[in-house]
Amino acid sequence: MRDRKRLCGKALALGLTSTLLSSGVFAELNGKTNLLCSADQVVGCVDKECLQGPPSTFGLPHFMFIDFERKVIHGVDDEGEELTSPIKNMEINEAAFILQGFENNRGWTMGVNPKDGGLTMSSTGADVNFIITGNCIERSGGK
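In terms of my numbering, the sequence shown opens at residue -9 and continues consecutively.
Everything labelled a hint here was simulated from the structure, so no lab data went into it.
The C-beta atom is built at its ideal place from N, Cα and C for all residues, glycine as well.
Treat each hint with caution, since some may be false.
Calculated cross-link-like contacts (lysine-lysine; reagent style DSSO-like; alpha-carbon spacing at most 30 Å) [stated by the list, open to error]: (1) K22 / K105; (2) K38 / K105; (3) K78 / K105; (4) K22 / K61; (5) K38 / K78; (6) K78 / K22.
Each pair of labels, with its calculated beta carbon distance range [unchecked claim]: (7) K38 / N94: 14 to 22 Å; (8) L41 / E84: 18 to 26 Å; (9) E59 / V33: 25 to 33 Å; (10) K105 / G70: 29 to 37 Å; (11) I82 / V36: 28 to 36 Å; (12) T110 / T23: 28 to 36 Å; (13) R60 / G101: 19 to 27 Å; (14) E84 / S46: 33 to 41 Å.
Modelling step: build the complete structure from the supplied sequences, incorporating the hints.
As structure tokens, then:
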């Protein structure tokens, strides 16, 4: 089951990222500058059984870089493997940033609150499902 969780986690990871990002110094996000996001807490469900823990429990990266211009999310897992997922749909406005994609037979949706950087992400498939919470800050430049 561990291998299955890691494989499924990698599928989500960039379809899909800490206290550092929620340090209290925050400017509203504008949807034009790339984001660095941390995944703080994950709930993963396999065969109707759910576990909660940090991203590493599920083979997911702690940090993700969202590149709005290239429409891609990058991350690196605990083993140093780079994970990338294309963003298929984006809706950016003053109330929410909604990003969506599909990879490895799973759909994912990421929501970011531009006022406080709060992150909520979900990934749904026939066998494994995830809910991820975290925070995002603006970060210019590449991955």
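Each hint, compared with the structure:
1. K22 / K105: 14 Å, holds
2. K38 / K105: Measuring from Cα to Cα gives roughly 35 Å; hence the hint is violated.
3. K78 / K105: Answer holds: K78 to K105 is near 24 Å, not above 30 Å.
4. K22 / K61: The given pair, whose Cα atoms are some 12 Å apart, holds under the 30 Å limit.
5. K38 / K78: 28 Å, holds
6. K78 / K22: 17 Å, holds
7. K38 / N94: 14 to 22 Å: Holds - the Cβ-Cβ distance for K38 and N94, about 21 Å, lies within 14 to 22 Å.
8. L41 / E84: 18 to 26 Å: Between L41 and E84, where Cβ atoms are some 36 Å apart, the hint is violated.
9. E59 / V33: 25 to 33 Å: Roughly 31 Å apart at Cβ, these two residues keep to the hinted range, so it holds.
10. K105 / G70: 29 to 37 Å: About 34 Å separates the Cβ atoms of K105 and G70, which means 29 to 37 Å holds.
11. I82 / V36: 28 to 36 Å: Check passed, 33 Å falls within 28 to 36 Å.
12. T110 / T23: 28 to 36 Å: For T110 and T23 the Cβ distance comes to about 20 Å; the hint is violated.
13. R60 / G101: 19 to 27 Å: Taking Cβ atoms as reference, R60 and G101 lie about 20 Å apart, which means the hint holds.
14. E84 / S46: 33 to 41 Å: With a Cβ separation near 34 Å, E84 and S46 satisfy 33 to 41 Å, so the hint holds.
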